[in-house]
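Student: Residues per chain, in single letters:
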Amino acid sequence: MDLLDIQNIKKYFKQPWGINYALDGVDMSIKEKATTALVGESGCGKTTLAKTILGFYRPDSGKILFKGEDITDVKTNNKLVRENIQIVFQNPFLSFNPRYTAFATLYEAVRAMNNISKKEVRGFLVESLNSVGLGEEFFFRYPHQMSGGELQRLSIARALINKPKIVILDEPTSSLDISTAVNILKLLAKLQQEALLSYFFISHNLKLVKRIAHYVFVMYYGKIVEYGLKEQIYGFPRHPYTKLLLDACEYKMKDYPASGSKHKQGCVFREICPHSKDICGNEPEKTEIEPNHFVFCHFV
Amino acid sequence: MNFWQQFKRNRLAVTMFRLLLVLYVLAILADFFAPYHYDDDDVMHAWAPPTRIHFLDIKQKVITPYINPYTFSTNEYYRRIYSVEKNVLIPVRFFVKGFKYNLLGIWSTDIHLFGVENGRIYLLGADDRGRDIFSRLLYGSRVSLSIGLIGVAISFSLGMIIGGISGYFGGWIDTFIMRVVEMIMLLPGFYFLLALRASFPPEMDSRQVYLLIIVILSFIGWASLARVIRGMVLSIKENEFVFAARALGLTHFRIITRHILPNTFSYVSVAICLSIPGYIIGEAALSFLGLGIQEPYASWGNMLVLSQGIVTIEAYPWVLAPGVAILITTMSFNIIGNTLRDVFDPKRKIL
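Here the protein sequences come in this chain order: E and H. Per the working numbering, the very first residue in the first sequence carries number 2; after that it's consecutive. Per the working numbering, the very first residue in the second sequence carries number 10; after that it's consecutive.
Be aware that one or more of the hints could be misleading.
Below, a sample of chain E positions facing chain H; criterion: calculated Cβ distance under 8 angstroms [claimed, not checked]: (1) L55; (2) R59; (3) N79; (4) R83; (5) I88; (6) F90; (7) N92; (8) L95; (9) F97; (10) N98; (11) Y108; (12) A110; (13) M114; (14) K166; (15) A182.
Listed next, the in silico SDA-like pairs over lysine to any residue satisfying Cα-Cα at most 20 angstroms (straight line) [claimed, not checked]: (16) E:K15 to H:F178; (17) E:K52 to H:G180; (18) E:K231 to E:Q194; (19) H:K246 to E:A196; (20) E:K76 to H:T184; (21) E:K166 to H:D51; (22) E:K208 to E:A196; (23) E:K52 to H:E249; (24) E:K15 to H:G258; (25) E:K166 to E:A196; (26) H:K246 to E:F94; (27) E:K120 to E:F94; (28) E:K119 to H:G258; (29) H:K246 to E:Q266; (30) E:K76 to H:N347; (31) H:K246 to E:E109.
In case anyone wonders, no lab produced these hints; they're calculated from the structure. Ideal placement from N, C-alpha and C gives every residue a C-beta, glycine not left out.
The task is simple: from the sequences and hints, build the whole structure.
Tutor: And the structure:
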C-alpha cells in the first residue's frame, strides 16, 4: 500500500476572468521511504496540490488517503496529518516568523505536539540543529541574521523535528544559489536514509530532480501527463510535454506561449503540442507503456 | 540587542519617558506631593499668583527656603492686585503635617512633602476659589494619565483580537465584522460622545462618569484599529511561516496571537502612543464642556474651564498650567511612539 494516495483531486478557483482549473483530477501516490517528485512549470498547480494535501485548501472533489485513512477533510483527522506530514517552503526568508529566534521557532514546533518545558528540550533542539549542519551559535539568531541556505536548513530541521513520515519539499532549492542547493539536496538525501523519510519533492528543475527522485510525476496545468520511475522518465520520455521539459534543461526549447489551459475537456497540452490533432479534444486515456510508466497521450 | 537598549539610544525619547514616569509617580502619590487637598479653598487668596520661594535672606546668605505672605488691594475694575509682605518670612517646611489621607490606599497618614504652617503656598498660583492649582494638577493627572492607558488597553485588545479574527478567518466572518466596524466608524465620534454622555443623568458621581468616558471612548476607538489590523493580518497570513505553523498543528488562537499579531506591533506600538493623547484630549474636551469630571473633583479638562475667557487668561495666565501639562504629556507619548516604531521593526536591528 502506498503511504499517501491522492485520488482524483479537483480544485477550481473562481476568478473574475473565468475558472482556474488549478487541479483537475490529479491521481498520485507517494511511496514509502522514497522520493516522489512532481515536476511542472510555474502556475501548473504544484503548490496548490501541496497545500491541498496539508488541508489548507479543501478540494472540490476527490480523496486523499494516508495509510488508508481519509484525510481529505483535515478537521476529522487533524492530529494524524500534523504528526505525519510536514512541509519545507520555497522561500526561506518568508518561512520564519521574524520575531522568533531559531530556538523559539524550533521550540514552537516541538511544543505544538508535546508539552515539554524549554529547559528539558534544549539538548534535543541542539541535536536537531546539528543534524541539519547548523552549529549552536545559530540558536539565538533571528531569521534576518541568517543566510538563505542557513534558513533552509533551519526550515528542514523544523519540518523534521516531530519525526513525520512525509516531508513535502515545495521547491526547497529554487531560491538558493546552485552550490547551496546541492548542499541542501545532499543533506536531504542523508536525512532520508537516517530517518527513512518519504519525500514529496516539488520542482521545476529536472536536473535537480534527477539527483534525488525515485518516482517522477510530470504535471501540466492541473493534470498529470506522465509518470513513472526516474529512469523511465529520463530515459524514455513519451509525452511531448516531458520531452519539452527535458529539452528546456539543455536550452533547446522552442518558444511557446506561457498561457494556462483554458479547457476542461481534452488534453491540456494540445495548444502547444507539435503533434496536436482533432482527437486531442477528447480526454486522453491513461496508457501503461512499461511497468510503472504511464502516459496520458493519444499518440503513444 | 534588546528593545530597551535600542530605545535608550534616542536621548529625546528617554527624556520624555522619564518625564512621563515622573508624572505617573506624581499622580500615584498625589496626596503626598500635594500641599493641599483638591477642594481646599481659601477665598482670601482667590486668583493668587504663583508664590515665589526665596532661598537667600536680605544679606544674600543661604537660609532655609521661605515665602512671603500675600496681601491684596483691589483696582478700579475690582480685580485683586496681590503683593507680598517682604518683612514677614514664612519658612517652607518639608514633611509637614497636613490633611489626612491614605497613602496608596493603605497607610493612613497626614505627612506631606512640603508645606507652610501659616499662610498659603501656591507653586502654580490659585484659581477663582483660592484652591492650589499645583495640588489640583496632581489630582487631575490621576484622571488624565490613567484614562489614556485604560482606554487604550480596552480598545486595543478589542481591536486587535477582532481585527485578527476578521482577517485570519476571512469569509462571512470577515464581511460581518467589517460591516459592524463600518457602522461604528460612521458615527461622528465627538458628537456621539456628547450624545451618549447627555443621555445619562447629569448628577452622576464623578467616578461613574470617569468609567463612562473610558467605555465610550474605547467603544469608538477600537473600530478603526480593527480595520487596520485586519488589513495587516490579511497580508501576514499569506506568509509561509503561517502555513508552516498551521502544518505543525498549532491552534488558530496561538497562530493569531503568537505569529500574526506580534508582527503588527511596529504599527500598534506607534498607534497606541499616538492614540493615548486622543483619550487624554477627549476627556479634557468633555470636562472642558462641563460633561466630564465634575467639580469639586479635579481633571485637567475641568481645570481648563477657567481659561475659557481671554480676559482671565490675560489677567491670570497660570490657569493655563493644565494645558501645558496636557501638551507635555501628549508630546511625550508621540515622541515615544515614534521611537518605538523604529525599535520594534526587527529589520532595523542590525547593529
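Student: For every hint, state whether the structure bears it out.
Tutor: So, going through the hints one by one against the coordinates:
Checking L55 (chain E) against chain H by beta carbon gives a least distance of about 5 angstroms; that is within 8 angstroms, so the hint holds. Among the interface hints, the one on R59 (chain E) is violated; its C-beta lies about 12 angstroms from the nearest C-beta in chain H, farther than the 8 angstroms criterion. The interface hint given for N79 (chain E) is met, as the beta carbon of that residue sits about 7 angstroms from the closest beta carbon of chain H, less than 8 angstroms. Residue-level restraint check for R83 (chain E) holds (minimum Cβ-Cβ distance to chain H is 3 angstroms; threshold 8 angstroms).
Interface restraint check for I88 (chain E): the shortest CB-CB distance to chain H comes to about 5 angstroms, inside 8 angstroms, so the restraint holds. With a least beta-carbon distance of about 4 angstroms to chain H, the hint placing F90 (chain E) at the interface is held under the 8 angstroms criterion. Nearest Cβ of chain H to the Cβ of N92 (chain E): about 6 angstroms, under the 8 angstroms cut. The hint holds. For L95 (chain E), the shortest C-beta to C-beta distance to chain H is roughly 4 angstroms, which falls under 8 angstroms, so the interface hint holds.
The closest approach between the C-beta of F97 (chain E) and any C-beta of chain H is roughly 5 angstroms, which is under the 8 angstroms cut-off, so the hint is satisfied. For N98 (chain E), the interface hint holds, since its Cβ comes within 8 angstroms of a Cβ in chain H; the closest pair sits about 5 angstroms apart. Because the smallest distance between the Cβ of Y108 (chain E) and any Cβ of chain H comes to about 11 angstroms, over 8 angstroms, the interface hint for this residue is violated. Given the 8 angstroms rule on beta carbons, the hint for A110 (chain E) holds: about 5 angstroms separates it from the nearest Cβ of chain H.
Restraint check, M114 (chain E) versus chain H: the minimum CB separation of about 7 angstroms is within 8 angstroms; hint holds. For K166 (chain E), the interface hint is violated, since its Cβ never comes within 8 angstroms of a Cβ in chain H; the closest pair sits about 14 angstroms apart. This hint is violated: A182 (chain E) has a C-beta 18 angstroms from the nearest C-beta of chain H, more than the 8 angstroms allowed. Straight-line distance between C-alpha atoms of K15 (chain E) and F178 (chain H) comes to about 19 angstroms, which keeps the hinted pair within the 20 angstroms bound.
Our distance criterion of 20 angstroms between C-alpha atoms is met by K52 (chain E) and G180 (chain H), whose separation comes to about 19 angstroms. Only pairs whose Cα atoms come within 20 angstroms are accepted, and K231 (chain E) paired with Q194 (chain E) is accepted, the gap being roughly 18 angstroms. Distance restraint check for K246 (chain H) and A196 (chain E): the Cα-Cα separation of roughly 31 angstroms exceeds the 20 angstroms cut-off, and the hinted pair is therefore not satisfied. Between K76 (chain E) and T184 (chain H) the CA atoms are separated by roughly 23 angstroms; this puts the pair beyond 20 angstroms, and the hint is violated.
With a C-alpha separation of about 83 angstroms, the suggested pair K166 (chain E) and D51 (chain H) falls outside the 20 angstroms cut-off, and the hint is violated. A hinted pair counts as satisfied when its Cα atoms are at most 20 angstroms apart, and K208 (chain E) with A196 (chain E) does not qualify at roughly 25 angstroms. Simply put, K52 (chain E) and E249 (chain H) have alpha-carbon atoms about 11 angstroms apart, close enough for the 20 angstroms limit, and the pair holds. Our distance criterion of 20 angstroms between C-alpha atoms is broken by K15 (chain E) and G258 (chain H), whose separation comes to about 28 angstroms.
Simply put, K166 (chain E) and A196 (chain E) have alpha-carbon atoms about 9 angstroms apart, close enough for the 20 angstroms limit, and the pair holds. The straight-line distance between the Cα atoms of K246 (chain H) and F94 (chain E) is roughly 15 angstroms, inside the 20 angstroms bound, and the hint therefore holds. The straight-line distance between the Cα atoms of K120 (chain E) and F94 (chain E) is roughly 28 angstroms, outside the 20 angstroms bound, and the hint therefore fails. For the hint linking K119 (chain E) to G258 (chain H), the alpha-carbon distance of about 19 angstroms falls within 20 angstroms, and the restraint holds.
For the given pair, K246 (chain H) sits about 35 angstroms from Q266 (chain E) by alpha-carbon distance, which is inconsistent with the 20 angstroms threshold. Taking the CA atoms of K76 (chain E) and N347 (chain H), the gap is about 43 angstroms. The hint is violated against a cut of 20 angstroms. Our distance criterion of 20 angstroms between C-alpha atoms is met by K246 (chain H) and E109 (chain E), whose separation comes to about 17 angstroms.
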